[in-house]
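K.L.:
The primary structure of each chain is shown beneath.
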Amino acid sequence: MNVTQIEKAVKEIYERVKSESLGEEEDMLINVLHKVQDHFGNFIPPEAAETLAELMDIPVSRIYEVLTFYTMFSTKPRGKYVIRVCESTPCHVTGGKAVVEALKEALGIDFNQTTEDGLFTLEYSSCLGLCGVAPVMMVNDMAYGNLTPERVKAIIEELRGGEAK
Amino acid sequence: MKPVVVLVSVDSNSVLKGAREYKNLLVNLVEEYNLTNVVDVLETGSFGVYLDGVLLEVLPDGVYYLVKNSSDVREIVEEHLLKGRRVFKLEVPPEKVRAGVIEKVEVPRETRVVLRNAGVIDPANIKEYIARDGYAALAKALTEMNPADVIEEMKKSGLKGRGGAGFPTGLKWEFTFKVDADQKYVLCNADEGEPGTFKDRLIMEGDPHSVLEGMAIAAYAVGANKGYIYIRGEYYESIRNIRKAIEDAYEYGLLGDNIMGTNFSFHVSVRLGAGAYICGEETALMESIEGKAGRPRLKPPYPPVSGLFSKPTVINNVETFANVAPIILNGADWFRSMGTESSPGTKVFTLVGNVVNRGLVEVPMGTTVRELIYVFGGGVEGGRKLKMVQTGGTAGTFIGPDKLDTPLDYDSFTKYGVSIGSGVILVVDDRSCAVDIAKNVLGFFAHESCGKCSPCREGTRVALQTFDRLSRGLAKREEVEHLWTLADVMQQASLCGLGQSVPVPMRSLLQNFNDEMEAHLGRECPAGVCKFAREKSKRPILR
Numbered sequence: 001m002n003v004t005q006i007e008k009a010v011k012e013i014y015e016r017v018k019s020e021s022l023g024e025e026e027d028m029l030i031n032v033l034h035k036v037q038d039h040f041g042n043f044i045p046p047e048a049a050e051t052l053a054e055l056m057d058i059p060v061s062r063i064y065e066v067l068t069f070y071t072m073f074s075t076k077p078r079g080k081y082v083i084r085v086c087e088s089t090p091c092h093v094t095g096g097k098a099v100v101e102a103l104k105e106a107l108g109i110d111f112n113q114t115t116e117d118g119l120f121t122l123e124y125s126s127c128l129g130l131c132g133v134a135p136v137m138m139v140n141d142m143a144y145g146n147l148t149p150e151r152v153k154a155i156i157e158e159l160r161g162g163e164a165k
Numbered sequence: 001m002k003p004v005v006v007l008v009s010v011d012s013n014s015v016l017k018g019a020r021e022y023k024n025l026l027v028n029l030v031e032e033y034n035l036t037n038v039v040d041v042l043e044t045g046s047f048g049v050y051l052d053g054v055l056l057e058v059l060p061d062g063v064y065y066l067v068k069n070s071s072d073v074r075e076i077v078e079e080h081l082l083k084g085r086r087v088f089k090l091e092v093p094p095e096k097v098r099a100g101v102i103e104k105v106e107v108p109r110e111t112r113v114v115l116r117n118a119g120v121i122d123p124a125n126i127k128e129y130i131a132r133d134g135y136a137a138l139a140k141a142l143t144e145m146n147p148a149d150v151i152e153e154m155k156k157s158g159l160k161g162r163g164g165a166g167f168p169t170g171l172k173w174e175f176t177f178k179v180d181a182d183q184k185y186v187l188c189n190a191d192e193g194e195p196g197t198f199k200d201r202l203i204m205e206g207d208p209h210s211v212l213e214g215m216a217i218a219a220y221a222v223g224a225n226k227g228y229i230y231i232r233g234e235y236y237e238s239i240r241n242i243r244k245a246i247e248d249a250y251e252y253g254l255l256g257d258n259i260m261g262t263n264f265s266f267h268v269s270v271r272l273g274a275g276a277y278i279c280g281e282e283t284a285l286m287e288s289i290e291g292k293a294g295r296p297r298l299k300p301p302y303p304p305v306s307g308l309f310s311k312p313t314v315i316n317n318v319e320t321f322a323n324v325a326p327i328i329l330n331g332a333d334w335f336r337s338m339g340t341e342s343s344p345g346t347k348v349f350t351l352v353g354n355v356v357n358r359g360l361v362e363v364p365m366g367t368t369v370r371e372l373i374y375v376f377g378g379g380v381e382g383g384r385k386l387k388m389v390q391t392g393g394t395a396g397t398f399i400g401p402d403k404l405d406t407p408l409d410y411d412s413f414t415k416y417g418v419s420i421g422s423g424v425i426l427v428v429d430d431r432s433c434a435v436d437i438a439k440n441v442l443g444f445f446a447h448e449s450c451g452k453c454s455p456c457r458e459g460t461r462v463a464l465q466t467f468d469r470l471s472r473g474l475a476k477r478e479e480v481e482h483l484w485t486l487a488d489v490m491q492q493a494s495l496c497g498l499g500q501s502v503p504v505p506m507r508s509l510l511q512n513f514n515d516e517m518e519a520h521l522g523r524e525c526p527a528g529v530c531k532f533a534r535e536k537s538k539r540p541i542l543r
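Going down the list, the sequences are from chains D and L.
Following our numbering, the numbering of the first sequence begins with 1 at its first residue and continues without gaps.
Following our numbering, the numbering of the second sequence begins with 1 at its first residue and continues without gaps.
Be careful, since some hints might not be right.
As the list claims (entries may be wrong) - Under the rule of at most 25 Å between Cα atoms (straight-line distance), these lysine to any residue pairs were calculated in the SDA-like manner: (1) L:K244 <-> D:E105; (2) L:K292 <-> D:E105; (3) D:K76 <-> L:K292; (4) L:K244 <-> D:D27; (5) D:K11 <-> L:R243; (6) L:K155 <-> D:T75; (7) D:K97 <-> L:R384; (8) D:K97 <-> L:S310; (9) D:K18 <-> L:E448; (10) D:K97 <-> L:R243; (11) L:K299 <-> D:Y14; (12) L:K531 <-> D:E105; (13) D:K18 <-> L:S310; (14) D:K97 <-> L:R523; (15) D:K76 <-> D:T148; (16) D:K18 <-> L:E247; (17) L:K292 <-> D:K97.
Since the hints were made in silico from the structure, they are not lab data.
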C-alpha cells in the first residue's frame, strides 16, 4: 500500500468516526485509532499516524504517546491472529498457567513475539471479564473459554490448518 | 407475542458454550416443524449461573433446560414444543437457575434490582425495556421532580458507588449540581477491568437501557447535557448492545434534544478503552476520553469541580447507574428496606475460581462470604478443601476459612478487614500456594502500573521481585519483612487508587498466610507449587 492510499483510507475513516464526536476536541481520537488499526490489520503504520495528526491538527508525538501507552494498539505489524491470553488470578487458579505454557509451546514464541510465518502474535492480557468460563483467551475478537492445554493446541492447529488450505 | 416463547441465555460466557449456535438451530427447527406461528425464539441476557452447557427457558411453562449439544436442542423441539412433553432428563430446577441451590428457608434469596431485566427481556428491543417500566423513572424525574428533588431522593436512598470505592452517589451529584458552569458532563465508567469482575459486562449485555436511563436522570439532576460511556475495548458485545440501545433511545426521543417534550436535552456517545487497567481510575478515564494516554491526575480538584475537559463531571459505575431508575420510581424508603443500615440495596457478586457454580448473583448487602460460596456457589469444586478467598477483586483482601461469616458491605473492610470492592468472590482451593498467588497478583499490578509516580511504579516491581525470590527459595527474612514498610509507603505516597490499594492484597496475604511465607523462607512449599533453585554450595563466597 502506498502513501496516497494510506492517506485516503485514514481520511475516510476519520470522516466516518467524526460523527461520534460530541463536539469536543479530540474526544474521538481513540475510537478513530481502533478503526484505523482494524483497517490496516492489527497495527498502525507511521504514515497513518502522520495523516491523522494532520487531520486533527495535533502533533504526531501525541498520537504516538497514545499508541504506545495502550496495549491494544501496536506500531509494528502483528500476526494475522493476535492472541490475548488472560493471566489474572481467576484464570491462574483454574489452570491458566498450564494454558499459557501450552500456548507458548504450540506457537514456539514468548509474549510479545510473532511467529515466523506472520500468523500469530502472543500477548498477555489482564482479566477479559469472562471468568465464568476461565481460563480464557481471545483470538482477535473471538473468545475461547474453559481452556486446557490440549484444547489450546487443537485451536492453534485448526487456525493453522485453515490457513494452509 | 406468540403463545410459546423460548428464551436463550446469550451472554459472552454462554456464547463460548455455543449459545448462538443453539439459538440458530432452534430457529431453524421451529421453521422446519412449522411452529413459527406459535413459537418465538428470543435471545436474552444472563440467567446468572453457568452450568455445564447453555440454559434455555420455555415460557409460559417456566421450564429450564440445560443443553450441551445439538441433539439436546432437537429433542426439546420434538418433544416439548411439538408434543407438549417435558424432557425431564434435560431439565434444571428453577431454583438452581434463579436463586442458587437453596434448601434451607432462612437463607437469603437472590434479590434482583440491578439485574431486574437480565435474562428476562430481549436486550436489543427497547420496547421490552419500556414494557417493564423502562424510562418511567426518567419521565417521573422530568415531569414531577426538580433536580434538587432527584438529588435529595438519591441522598436519602444511601446508594453508594458500586465500582468499589463506595462513595455516596447522591453527594457526588450534589457537589456537581452546586458548581456553576457553562458545560457539565455525565460519565459512565464501563472500563471494567478488575480481575474476576464481569457484572458490568452482563448488565450492559442484558439490560443496556437501564444504564442509559440512570445516566439521563443523573444528567437532569446535575444540569449536564452531554455524556460518555467509556467501555473496555475488548468488550465487543457490550459495545454493540450499548450502541444499539443509544440508537434506539434517540429514535424514541428518550435521548437527544428536548427529551419527552421537555426542555431537557442529553446526548450520549460511546468511547472505547484500549487495554489499560488504569483507565478504570476516574481521572485516567477522563484523560483517555480526551484522547490522551490514561495517566491519573493529581486530586484535588475532584471531578465534580474539574473533571472531563476541566468541567464539572459526574462519573459513576455501570451498576450504580442501573440502580438509579428503580430508586426514583420506588423511592428511597423502598431501597433502604434492602441491605444494611450503612449500605442499603443489593450488590451483584461474581463467583469465580474453584467454585462449583461460577457466575453472578445479586443479593442484599450484608450477605456473608459463606452464603455466597456455599449457598449460591454450591461450594468448592470437586469437594476440595477451601484454602483462601479473595474478596473485592485483585485489589481486595485475601482471607482464610476463619473469616467466611463476615457480612459484606461497605463497612466490612474497616470492621473486619474484608473488602467488598467490585464484588468479586474468588475461591481458591488447597492446590494453590499463597506465595505463587502473591506473585501473580503483584505481576498484575506491576504490569498495569502506569509509571507516573514512583511509589507505585517501583513499589510493585520490588514487591513482585521479592515474592518471586521467595517462591524460588532465594529471599531473606529482611526482604519479606521490608514488604510491610513498602506497603505503608505505597499506600501513603502513591498518586492514585491503583498504587494506594496494592497494599490491601499484599498485607492480607502476608498476615493471613504467614505460615506459608515462613515455610518458603525455609525453602518449602506446602502446596508443592513452587520449584526451588538448587541450594548454593556451602563454601563461603569471597566478596
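K.L.:
Evaluate each hint against the coordinates.
P.N.:
Verification of the supplied hints:
no.	hint	result
1	L:K244 <-> D:E105	violated (41 Å)
2	L:K292 <-> D:E105	violated (37 Å)
3	D:K76 <-> L:K292	holds (20 Å)
4	L:K244 <-> D:D27	holds (20 Å)
5	D:K11 <-> L:R243	holds (23 Å)
6	L:K155 <-> D:T75	violated (47 Å)
7	D:K97 <-> L:R384	holds (20 Å)
8	D:K97 <-> L:S310	violated (43 Å)
9	D:K18 <-> L:E448	violated (30 Å)
10	D:K97 <-> L:R243	violated (36 Å)
11	L:K299 <-> D:Y14	violated (34 Å)
12	L:K531 <-> D:E105	holds (20 Å)
13	D:K18 <-> L:S310	holds (22 Å)
14	D:K97 <-> L:R523	holds (22 Å)
15	D:K76 <-> D:T148	violated (30 Å)
16	D:K18 <-> L:E247	holds (16 Å)
17	L:K292 <-> D:K97	violated (34 Å)
In terms of the numbered hints stated before, the structure departs from hints 1, 2, 6, 8, 9, 10, 11, 15 and 17, listed from lowest to highest.
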